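Taken in order, the sequence shown gives residues 1 to 293; the numbers are from the numbering used here.
Don't read these hints as lab results, they were simulated from the structure. Predicted model, so just to flag it, every value in this text is computed and none were measured. Just to be clear, a hint being listed does not mean it is correct.
Unchecked claim - Straight line, CA to CA, 20 Å or less: simulated SDA-like cross-link-like pairs of lysine to any residue:
hint, residue 1, residue 2
1, LYS110, ILE286
2, LYS12, ARG108
3, LYS110, ILE203
4, LYS110, ILE193
5, LYS12, LYS110
6, LYS12, VAL109
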Amino acid sequence: MNMTTLDKTSIKRDFTLAFAAFVIAFVLWQFRPLSPVVYPLRLFVTFIHELGHGTAALATGGEFRNFQVETSGAGVAYSAGGIRPLVISAGYVGTAVFGAVLLYAANRVKNPRRVAIFLGLCFVLLTLAYSGLGLSNFNLPEILITAAILGAAGYTALTAVDERRRWMGGAVAAFGLVVLIYFAAGDNVLTVIVGVVSGILLILIGLYADREITLFTLNFLAFIVGLNAITDAWILYQIVSQPTLVPHNDATSMARVSVLPAQFWATAWIITAILLLGAASWLTFIHPLNKRG
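Between the sequences and the hints, there should be enough to build the whole structure, so can you do that?
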């Protein structure tokens, strides 16, 4: 059965959006990782990488303690237990899987807004749960500042006599919540900013943007994460191939828990990232056209 004209038009439009997202992601992929243009995206990819380690630990019966995104663009995840080879591999492999699954889900789910909202909620909740937020990070001045702001918000809300003052109380309460999270983050503020801001932006896009903007955003994130999964694994291969330099990284960690060298694991992750992005692109765009044509 041939596709209807409407089906063809819809698929062509979605393919055009995806192609535009790929072109922009590919152009940005050429910039240095810490250049101002792509720095926020570098932090986002690291955020996904470290969550990959943590979620793998949880999925294999271990403990995900916390994770950190650093200003250098690097990151670290602290976990215990679980199946260690899977947990170690889940940084690079998990990033590639995230990009591939997001690309497929965004284009195959009927309403991509739901994908954006779900993803945003996951980012916010995982950040708040595993970024090390805690009252122990507060000092006395921070406690007093937070209490004063929240107290002012409560007083404004309780004494509000009109809609304007109620909105004012809500705004002060929201500001107080931001201050509370900021102080509770301690030295891990950047991680909280990356996770919460990314999550809130995705939620807002899912709630208020039209379908095309939402789909373009999700495609762009999928491609930028997928392409960086390849690049990061390639950089890792170059690092572990230097005989005079033996840094601590995921590939050397895998070498310690297996009989295979670090270069093997870096190469395997490069191939995995390429195959996943290629397979996701084929299943998302080419296969449906061949099947319906």
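Status of the hints after comparison with the structure:
1. Simply put, LYS110 and ILE286 have alpha-carbon atoms about 18 Å apart, close enough for the 20 Å limit, and the pair holds.
2. For the hint pairing LYS12 with ARG108, the CA-to-CA distance comes to about 14 Å; that is within 20 Å, so the pair holds.
3. Using a Cα cut-off of 20 Å, the hinted pair LYS110 and ILE203 holds, with the two alpha carbons roughly 17 Å apart.
4. Between LYS110 and ILE193, the direct Cα distance comes to roughly 30 Å. Violation of the 20 Å bound is thereby established for this hinted pair.
5. Distance check on the hinted pair: LYS12 and LYS110 sit about 16 Å apart at the alpha-carbon level, within 20 Å; holds.
6. Straight-line distance between C-alpha atoms of LYS12 and VAL109 comes to about 16 Å, which keeps the hinted pair within the 20 Å bound.
Checked against the numbered hints given earlier, this structure breaks only hint 4.
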